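Note that the protein sequences, when read in sequence, are chains E and Y. So the first sequence is numbered by the numbering used here: it starts at 18 and just counts up by one. So the second sequence is numbered by the numbering used here: it starts at 3 and just counts up by one.
Keep in mind that the hints were calculated from the coordinates and are not lab data. Treat the hints with care, since some could be wrong.
Said to hold, decoys possible - Quick list of in silico lysine-lysine cross-link-like pairs, DSSO-like style, CA-CA up to 27 Å:
1) E:K22 to Y:K59
2) E:K22 to E:K71
3) Y:K80 to E:K71
Since the structure is predicted, the reported quantities are computational estimates derived from the model, not experimental observations.
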Amino acid sequence: DQQVKQNSPSLSVQEGRISILNCDYTNSMFDYFLWYKKYPAEGPTFLISISSIKDKNEDGRFTVFLNKSAKHLSLHIVPSQPGDSAVYFCAASSMNRDDKIIFGKGTRLHILP
Amino acid sequence: EPEVTQTPSHQVTQMGQEVILRCVPISNHLYFYWYRQILGQKVEFLVSFYNNEISEKSEIFDDQFSVERPDGSNFTLKIRSTKLEDSAMYFCASSPQRVYEQYFGPGTRLTVT
């Protein structure tokens with residue numbers, strides 16, 4: 018039951034270019050979306066979030082776009098830096114219904130020198 | 003910067019034994035969570051805890067699992083009789099409000115032999 022789908026297991030991007038990570042969801046009750054970054058042997062680290070009342074949220078090099086009609090969100094990182102190499106998890110929740118965050122399987126981002 | 007801590011970092015136990023995984027959430031947070039990640043799979047919600055009681059639990063969180071906040075700082079996950087399939091990374095998380103950015107600890111790797 019994949020309510021949050023990250024269809025690209027990995028992505029390689031040249032340093033300095035834009036990294037675009039994609040995520041699709043199936044549950045129309047989701048109203049809050051988050052991106053987490055994870056390094057090996059560490060826990061997920063919160064990056065950026067967006068509420069369903071918005072279609073864009075920006076924080077420094079990170080921008081999240083939400084397309085509710087397509088049930089799709091994306092994370093843009095620009096410019097990409099070597100330290101951005103990590104696994105990125107898309108996550109979603111239904112804030113009015115329950116407490117849990119549903120995670121996707123993650124996309125491993127490699128930033129190439 | 004305050005962070006969630008977890009001990010031990012790695013726990014090896016025999017099938018059928020009880021284990022207790024410990025977490026110290028961020029001190030002014032009110033909501034506490036446990037997640038797990040089986041190797042190669044996605045991060046899965048186990049349980050949320052607020053106001054000294056479970057607020058939500060997943061199907062994974064059966065009678066073998068329990069959580070406790072024995073004092074003002076620790077938050078524990080107990081597995082009463084471990085099974086091989088309990089082998090996973092267990093992440094504790096906390097947040098100041100429901101669902102909003104949850105801050106994760108580094109995880110405890112549980113190996114059941």
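Legend entry - Structure-inconsistent hints, enumerated in ascending order: 3
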